[in-house]
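Each protein sequence line maps, in turn, to chains W and A. Using the working numbering, read the first sequence as starting at 1 and increasing by one per residue. Using the working numbering, read the second sequence as starting at 1 and increasing by one per residue.
The hints are simulated quantities; they were obtained by calculation from the structure and are not laboratory data. Where is the CB? At the ideal position from N, CA and C, for every residue including glycine. Treat the hints loosely; a few may be bogus.
What the hints assert, rightly or not - Distance windows between CB atoms, simulated:
hint, chain 1, residue 1, chain 2, residue 2, range
1, W, R29, A, M70, 55 to 63 Å
2, A, S6, W, T171, 36 to 44 Å
3, W, W414, A, G93, 32 to 40 Å
4, W, A421, A, G92, 27 to 35 Å
5, A, G92, W, S175, 22 to 30 Å
6, W, Q104, A, R69, 35 to 43 Å
7, W, V31, A, M70, 51 to 59 Å
8, W, D363, A, G61, 29 to 37 Å
9, W, R165, A, I17, 37 to 45 Å
10, A, M70, W, S467, 34 to 42 Å
To be verified - Quick partial rundown of chain W residues pointing at chain A, CB under 8 Å, derived from the structure:
hint, residue
11, I12
12, L15
13, L19
14, Y60
15, S61
16, H63
17, G65
18, P70
19, A374
20, P376
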Amino acid sequence: MIWEHFPALIPISLLLGALISAPLGIWKRFVSYPIALTAVGISFTSAIVALIYVLNEGSYSYHLGGWFPPIGIEYVIDPLSSFVVLIVVGVGFFVMIYSHRSLQDELSMKEVQFHAVALLYLAGLSGMVVTGDLFNLYVFLEIASLSAYALVAVGEKRATFSAFRYLMLGTIGASFYLLGLGYLYLVTGSLNMADIAKIIPMLHENTLVAVALALMVVGIGLKMALFPLHLWLPDAYTYAPSVGSAYLAPIGTKVSAYVLIRILFTVFQPHYVEEVFPITTIIVWLSATGIIVGSIMAIAQKELKRMLAYSSVAQIGYIGLGIGLANPLGFIGAVLHILNHAMMKAALFLVSGNLRYRFGSTDISHFNQKMRIAMPWTSAVFAVASLSMIGIPPTAGFFSKWYLVLGSIDSGNWFFVVVIALSSLLNAVYFFRVLEKMYLVRQAEHVSLDADKSFHKEFKVKEAPISMLIPTLIFGAAVIVLGLLNALIVNNIIKIAIPNGL
Amino acid sequence: MVKKSSSIIVGIVSRAIVPFIQLFALYVIVHGHSSPGGGFQGGALLGASILLLRLTVGREGSELVFPERMGTPMSGFGVFIYAFVGVAAMIGGGVYLNYAFLPIGGMQPAELRSLGILLVETGVGIGVMATMIVIFDDIAKGNFHD
Numbered sequence: 001m002i003w004e005h006f007p008a009l010i011p012i013s014l015l016l017g018a019l020i021s022a023p024l025g026i027w028k029r030f031v032s033y034p035i036a037l038t039a040v041g042i043s044f045t046s047a048i049v050a051l052i053y054v055l056n057e058g059s060y061s062y063h064l065g066g067w068f069p070p071i072g073i074e075y076v077i078d079p080l081s082s083f084v085v086l087i088v089v090g091v092g093f094f095v096m097i098y099s100h101r102s103l104q105d106e107l108s109m110k111e112v113q114f115h116a117v118a119l120l121y122l123a124g125l126s127g128m129v130v131t132g133d134l135f136n137l138y139v140f141l142e143i144a145s146l147s148a149y150a151l152v153a154v155g156e157k158r159a160t161f162s163a164f165r166y167l168m169l170g171t172i173g174a175s176f177y178l179l180g181l182g183y184l185y186l187v188t189g190s191l192n193m194a195d196i197a198k199i200i201p202m203l204h205e206n207t208l209v210a211v212a213l214a215l216m217v218v219g220i221g222l223k224m225a226l227f228p229l230h231l232w233l234p235d236a237y238t239y240a241p242s243v244g245s246a247y248l249a250p251i252g253t254k255v256s257a258y259v260l261i262r263i264l265f266t267v268f269q270p271h272y273v274e275e276v277f278p279i280t281t282i283i284v285w286l287s288a289t290g291i292i293v294g295s296i297m298a299i300a301q302k303e304l305k306r307m308l309a310y311s312s313v314a315q316i317g318y319i320g321l322g323i324g325l326a327n328p329l330g331f332i333g334a335v336l337h338i339l340n341h342a343m344m345k346a347a348l349f350l351v352s353g354n355l356r357y358r359f360g361s362t363d364i365s366h367f368n369q370k371m372r373i374a375m376p377w378t379s380a381v382f383a384v385a386s387l388s389m390i391g392i393p394p395t396a397g398f399f400s401k402w403y404l405v406l407g408s409i410d411s412g413n414w415f416f417v418v419v420i421a422l423s424s425l426l427n428a429v430y431f432f433r434v435l436e437k438m439y440l441v442r443q444a445e446h447v448s449l450d451a452d453k454s455f456h457k458e459f460k461v462k463e464a465p466i467s468m469l470i471p472t473l474i475f476g477a478a479v480i481v482l483g484l485l486n487a488l489i490v491n492n493i494i495k496i497a498i499p500n501g502l
Numbered sequence: 001m002v003k004k005s006s007s008i009i010v011g012i013v014s015r016a017i018v019p020f021i022q023l024f025a026l027y028v029i030v031h032g033h034s035s036p037g038g039g040f041q042g043g044a045l046l047g048a049s050i051l052l053l054r055l056t057v058g059r060e061g062s063e064l065v066f067p068e069r070m071g072t073p074m075s076g077f078g079v080f081i082y083a084f085v086g087v088a089a090m091i092g093g094g095v096y097l098n099y100a101f102l103p104i105g106g107m108q109p110a111e112l113r114s115l116g117i118l119l120v121e122t123g124v125g126i127g128v129m130a131t132m133i134v135i136f137d138d139i140a141k142g143n144f145h146d
């Protein structure tokens, strides 16, 4: 019965949640949050059921309106999409729990609207993942992007400016994608991914197909913040409200990375993107540059959120590298890194939200031991997530990097091994800089305690509220648990998802 | 602020035209599933007719036809009709948006399909109309809803 409907339930319950919670929330403010949380909860449960179903029974296709593909829109739940959609709504669910107190602090008059926009954003992202139709994907992409601009724009004063920049660049990206899709429709006459995949092998000589691929990769690359197209990202993540960046950073760009995987390996097939029109070579080199540039830029930042934003550019580079290597190990690395980076970045941005909640700013130069004494759990999560970002076993970050290194060796390109190793060192530089201030600087203790006595009283510095602390701890624990369970995930989920011919 | 047009000819003519635009818009919406047109086009026409009133009769006069505070709720309500029809089909045992399964007794599947698409088009029409008016009102006011 209802189990047949889980592919549709994932985005639809979020959409309905947004539509119900907003008007009821305007009527009675306090009802909006429980409704929003229920909607994400239903979606999260459906995603879990979908993943279990796929692992037991195999892939599943849901035909909207009862119209069969390629004419109708289909939602496809296969190992890859069910895995990524679970990450999306899972992160969304825990950030939603977190957002209640944080929003009361930062955006007290706008929570109702914020929850509605966040639900639309999650609906857009989860729709992008489950859909099997390229135009439907564009529609969901626009829903997610427009909501993301709003999530950024409600932040501090400079947020409007960065949201406008994000809007401009994001719209250009979406237009490129739509233009490429138009060319593809022109030559294939279909919008269904599986259907186009059958037609493409007959059109290898067609230049329009190559143009379509190039345009779509540029468009998705912009949304994904692939290296030279990342310029919208640092400002958007920095000036968004804490919860806004916690929604955007872990899953926003990852879903675009998933779309890139779908377009390259499902629609255009590995043979085409590697040999006929070797666009993966371009992606892999851009990603490698992005890893180094993002890490170096992160070292130069003085503000925690901005540092994390640049580190996101580097981390997207890892995913791009795995995709661009176009071999099974690289693919495993990329998909595993989508999961790991979502957990690490969610943990780090929630930590920065906790610090902002208690201290009012996240300027790294003000960090000191008192922070660790006042907020032991938050600091511990920060330390664990940082170690994972650097790639120290047994945290999750190590294993995705390990697969990426194996993939680079497999493709015979030792340069990328050097890039990954070097970037791990750079990561260590910028994270240990913060960890040192939090844990190791002893002489600063007296100075800061004296100087900050008034500060101490004013902000009542203690651990974050429980509803904010628990999601932070869950992500922190997930970093370790997923690291330990990585073999289970890789063998049972990601290995089945490897596309044919890779 | 939207100012009233000073010309009496513009005012009278547009007031005379507006009912016909709206009638045509309704035709486009209800006939959308069997001829060119549909919710989006009809909604755009409905929105345009209100905007014409906003420009010529002024805000006070056009508020009687479509109050400004109704903009945001109506646009959400339009989308809600759409999503709800889809879910109603799910409750009736079909897949999302399969109108043949709408839980309404005593109707053939073909009639249900016709009714379902009409409901969806109505929702889309309301959503598009209200969204156009919201955008116009926000720009005309020069500030944001809070």
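Can we keep the Y60 (chain W) interface hint, with Cβ of chain A closer than 8 Å?
Cβ of Y60 (chain W) sits 12 Å from chain A, so the hint is violated.
Mind checking the CB of I12 (chain W) against every CB in chain A and telling me if the closest is under 8 Å?
With a minimum Cβ separation of about 6 Å from chain A (threshold 8 Å), the hint on I12 (chain W) holds.
With a cut-off of 8 Å on the beta carbons, see whether S61 (chain W) makes it to chain A.
11 Å, violated
Return the status of the interface hint for G65 (chain W): holds when the least beta-carbon distance to chain A is below 8 Å, violated otherwise.
4 Å, holds
A range of 27 to 35 Å was offered for this pair. Does it hold for the Cβ distance of A421 (chain W) and G92 (chain A)?
58 Å, violated
Quick check on a hinted range of 36 to 44 Å for S6 (chain A) and T171 (chain W), using CB atoms only.
38 Å, holds
Next item in the hint list is L15 (chain W). Is there a CB on chain A closer than 8 Å to its CB?
6 Å, holds
Are P376 (chain W) and chain A close enough, Cβ to Cβ, to be under 8 Å, as the hint says?
Check failed: Cβ of P376 (chain W) comes no nearer than 39 Å to chain A, outside 8 Å.
Determine whether the Cβ-Cβ distance between Q104 (chain W) and R69 (chain A) falls within the hinted range of 35 to 43 Å.
26 Å, violated
Hint check, P70 (chain W) versus chain A [nearest Cβ-Cβ separation less than 8 Å]:
17 Å, violated
Indicate whether the distance between the beta carbons of D363 (chain W) and G61 (chain A) respects the range 29 to 37 Å.
54 Å, violated
Consistency of beta-carbon spacing, S175 (chain W) to G92 (chain A), with hint 22 to 30 Å
Given range 22 to 30 Å: violated, Cβ gap about 39 Å.
The structure fails to meet hints 1, 3, 4, 5, 6, 7, 8, 14, 15, 18, 19 and 20 from the earlier list, while all remaining hints are met.
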